[in-house]
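K.L.:
Chains as they are written, first to last, in our numbering: chain B, 1 to 791; chain E, 1001 to 1181.
Simulated from the structure, these hints should not be mistaken for lab results.
Be aware that a few hints might be false.
As the list claims (entries may be wrong) - DSS-like mimics (lysine-lysine), calculated; alpha carbons at most 30 Å apart, straight line:
hint : chain 1 : residue 1 : chain 2 : residue 2
1    : B       : K414      : B       : K430
2    : E       : K1092     : E       : K1167
3    : B       : K686      : B       : K484
4    : E       : K1167     : E       : K1136
5    : B       : K417      : B       : K430
6    : E       : K1167     : B       : K150
7    : B       : K742      : B       : K582
8    : E       : K1136     : B       : K258
9    : E       : K1037     : E       : K1131
10   : E       : K1131     : B       : K150
11   : B       : K150      : E       : K1136
12   : B       : K192      : E       : K1167
13   : E       : K1031     : E       : K1020
14   : B       : K192      : B       : K73
15   : B       : K409      : B       : K430
16   : E       : K1131     : B       : K145
17   : B       : K258      : B       : K657
18   : B       : K430      : B       : K686
19   : B       : K258      : E       : K1037
20   : B       : K430      : B       : K540
21   : E       : K1092     : B       : K258
22   : B       : K453      : B       : K414
23   : B       : K409      : B       : K453
24   : E       : K1136     : E       : K1031
25   : B       : K150      : E       : K1092
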Amino acid sequence: MTILANSNQPKSNDNDLITAVIDGIAVRVPKGTLAIRAAEMLGIEIPRFCDHPALSPVAACRMCLVEIEGMPKPQPSCAITLTEGMQVKTQNSSQVASSAQEGVMEFLLLNHPLDCPTCDKGGECPLQNQAMSNGRADSRFEGTKRNFQKAININAQVLLDRERCVSCARCTRFADEIAGDPSLELLERGAKQQVGVADDQPFESYYSGNTVQICPVGALTSAAYRFRARPFDLVSSESVCEHCASGCSLRTDSRRGKVLRRLAGDDSEVNEEWNCDKGRFAFRHLMQDRITTPLVREHGELRPASWPEAIRYAAEGLRNQRAAVLAGGRLTLEDAYAYSRFARVALGTNNVDFRNRTASSEEQDFLTNHVAGTGLGVTYQDLEDAQVVVVIGFEPEEESPIIMLRLRKAVRNKTLKVIAIDSANSLGFKKLNADLRLTKPGNESAAISELIKDLQDQNSIILVGERLASSHGAFSATVAVAEKVGARIGWVPRRAGERAAVDAGLLPNLLPAGRKVFEPRDREVVASAWGVSVEHIPTKPGLTQLEIISSAVQGEIDAIVTAGVDINDVANHAAFAAALNKTFVVSLENRASSVIEFADVVLPVGAITERAGTFVDWEGRLRTFDAVMQESLALTDARVLHLIAIELGHTFKDDAKVTSLRSSYSSLGAVSKPGTMNLVAASTTKTGLVLAGWHHLLDNGSLQAGEPHLAATARAVVAKVSSETAQANGLISGNRVIVRSKLGAITLPLEISEVAPETIWLPLNSEGSSVAMQLQIDIGAEVSVSDGGAI
Amino acid sequence: MVEIPQVIRAFGTTFLNMFKKPITEQYPEEKHLYPPKPRFHGRHQLNRYADGLEKCIGCELCAWACPADAIYVEGEENTDEERFSPGERFGKVYQINYLRCIMCGLCIEACPTRALTMTNEFELADDERGKLIYEKSDLLAPLLPGMAPAPHSMVEGFTDRDYYSGKVTGATPKQIEEAGN
Ligand code: SF4
Ligand code: SF4
Ligand code: SF4
Ligand code: SF4
Ligand code: FES
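The shape of chain B in the complex, shown without the other chains (with noise of 0.2 Å):
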């Protein structure tokens, strides 16, 4: 059996073991562990529904009594400790135990409804498994059992039927010890007992789907499930979550090659055994707008075309042209690998950038030096582990939910104390207790220099988000400081792709695996990994993604190639649309996009679940995964720039099949120490009013779309001001407030909250608030504001 890392099993420590029978059986376990735990270990399942490893014992729904030896009733093994010489008895050793257990079972279903047929745990229910295993064959119950309402909504997306309830409190603990957002409670008492929320007070959390995976009854129900299939037409793979760098592993469940439901996967070194809502719920982006065959531009219009034609098509729009790469965030490292040879090889160019988003030089060279083929660098466990982690420019729950969940588990056991310096208070830093240091952009860079006195001598770790590249001088100060106190930096950005685009060399002056593209040495290496001669490898400097907007709008760069990436994204999206407008536009896509209008081929690629791939989270670790269709016939990008390759007439030493791709990388092996960085001083602090701001986990993000019960989760859209800045600026808590840039506007309710002196923050993608497409500015710019009179 294996023992969860997170699990409430004590550490095993050699001077501290002792031993206890288990059914006539001796075991050797280290004090302290639970009588269940330790049939575990032997192989003795003892029924149970409240338990959950990851929880705290409660002890709620008696269905694993055991007899123990010198006690005089039977005992609930999952709440007993074992002490030295323990005698417990299972029911597969005592008729004590086992008639206790059939009792329990009789009164668990005195009132539980007759539902099955329509309950959607139906066929994977501990309830029906255990009722059969552990409960009598009839019931002697002849009342008429208790009525609630059926199904109600607890949030827009989880759904509570309170007759099937069992009261385990499975799902309160997790919302209180997990989550951290308590608002689920048990409510009333004895056969009225239920779960339940506040009249005015959904259950909002980021988290809410992990109370209907461990509710070991079909009491929770998620709308985007409910009655979609049974447990047996199901095709359940292991997956990984494409949303953002946390990289969770998942379950993908799938009828007739179509998602229908994800499932947290347990994966003790990362998400434990949570998910967030939005790696739960937001897969319909797989299945809709998709395309499904190549298209070529024809008189102005998009027609479809056969591989070979739009293949030769692209080829020829791209032979001897001044090329650039644009590959988003999103790439599994062997695509990224691809596309970064593609460019280098077969382009020849090193204008390549996968920053689709604000970017700058210094982060560039951060990322150069610190993270590019690392490898693994700091672990979740290393967080939980420290006793002081920092996060700059980088709001855990919103941005890496995952990674909020182990700081909190390690917050929560009193042995870490998180600092944050931010621009806003939210909901995430008060759940960690954080020591806030509320930022105006562009001043993190003071800020951090002043955690030298906090970090002295501690185990610290400091993360830094996305966000910093836009304060300039904000990674110089974080690397000074790291150096002085030594503290180690983990790099978190937001979208699922970023870390491999990095490791895999798609910024301008990088190669795979941390080899630069100056250093011949490094060109040599990776020539031979690829199989080309190392004069293919251009040594020229390349543009990075907002050069190539500009350059390409001067009619400098002829022709781009996309992955995916949506122009409305960033602030300049004007630019990148007129850049696209000019040039030769091959497309690489598996949905209908925002590029699309502006390509001259589109080439359709096949989704997440139609591939194998790996995914780099944040940490650095590989998080490999196979398809989830297997008899998808679906290409992947790297294929398809095979093709294009091909026609141009290069050809590699590989080809192109994903694992050949993953092996070539890998002969590339790690960097072994950082390199330097160029440490840049801030420039000086901006006066007036400027803007910050964050993405919602849950927002108008293209892999949201279509996903009514999810999005109606979604945390309020509001600015949030102090209420300094509100009274210097005119502005009324509870109105609504105009914000200007030059270009632009938005509107939204104001609330006056725990903000940074002269700033204005606002959710930067959601509904009303998309600051990249309205203000067409970056956080950290000037904005002025006004009052929008009453809502």
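With chain B fixed as given, assemble chain E with the ligands onto it according to the hints.
P.N.:
What follows is chain E with the ligands alone, placed relative to chain B:
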């Protein structure tokens, strides 16, 4: 003894049979064995309650029981605007593949709502595979007098339990009006 040539002996058999009563079945023009015995396992039927609401709740227990994997069901949630069966759940897609079905009747035993029964209809031949996958519309029981076609609401004041215990006797004017729209 004079040997009778084989050929003539053979024709003798032919000749004799000319005077026997033919036993050829003139199927399908004449149906001597029709209807079959009441317990004959024929084509399935998805039954309705007396007011026309469907009995099937889309639970897939029939599909689960089927040894030939002949049944495909997709459930869906009833809403107040569009109700096909009493209770929360109904069968949105219901298919039986008669190229697979072995007419064993296990599905009938599995059905918790008596939605699925078998008729005596045995003429299940066709000239195309696709036509032998019967859809819900092919399997639904015909509307008898007093029934209104789903979707419509439940009889006012009745719960799904009342339906199950047979308390519903026919469509109310309100249901008929809803079904008419
Ligand atoms: S709803 Fe489910 S998880 Fe919550 S107490 Fe009831 S049975 Fe347990
Ligand atoms: S935390 Fe990130 S990786 Fe995990 S399920 Fe959510 S979006 Fe996916
Ligand atoms: S009669 Fe038998 S084979 Fe035919 S659908 Fe029912 S269970 Fe399947
Ligand atoms: S016919 Fe019966 S067993 Fe089959 S899905 Fe409908 S209710 Fe369930
Ligand atoms: S599992 Fe032990 S009391 Fe519930």
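K.L.:
So which of those numbered hints doesn't the model satisfy?
P.N.:
The structure conflicts with hints 10, 16, 19 and 20, although it agrees with all the remaining ones.
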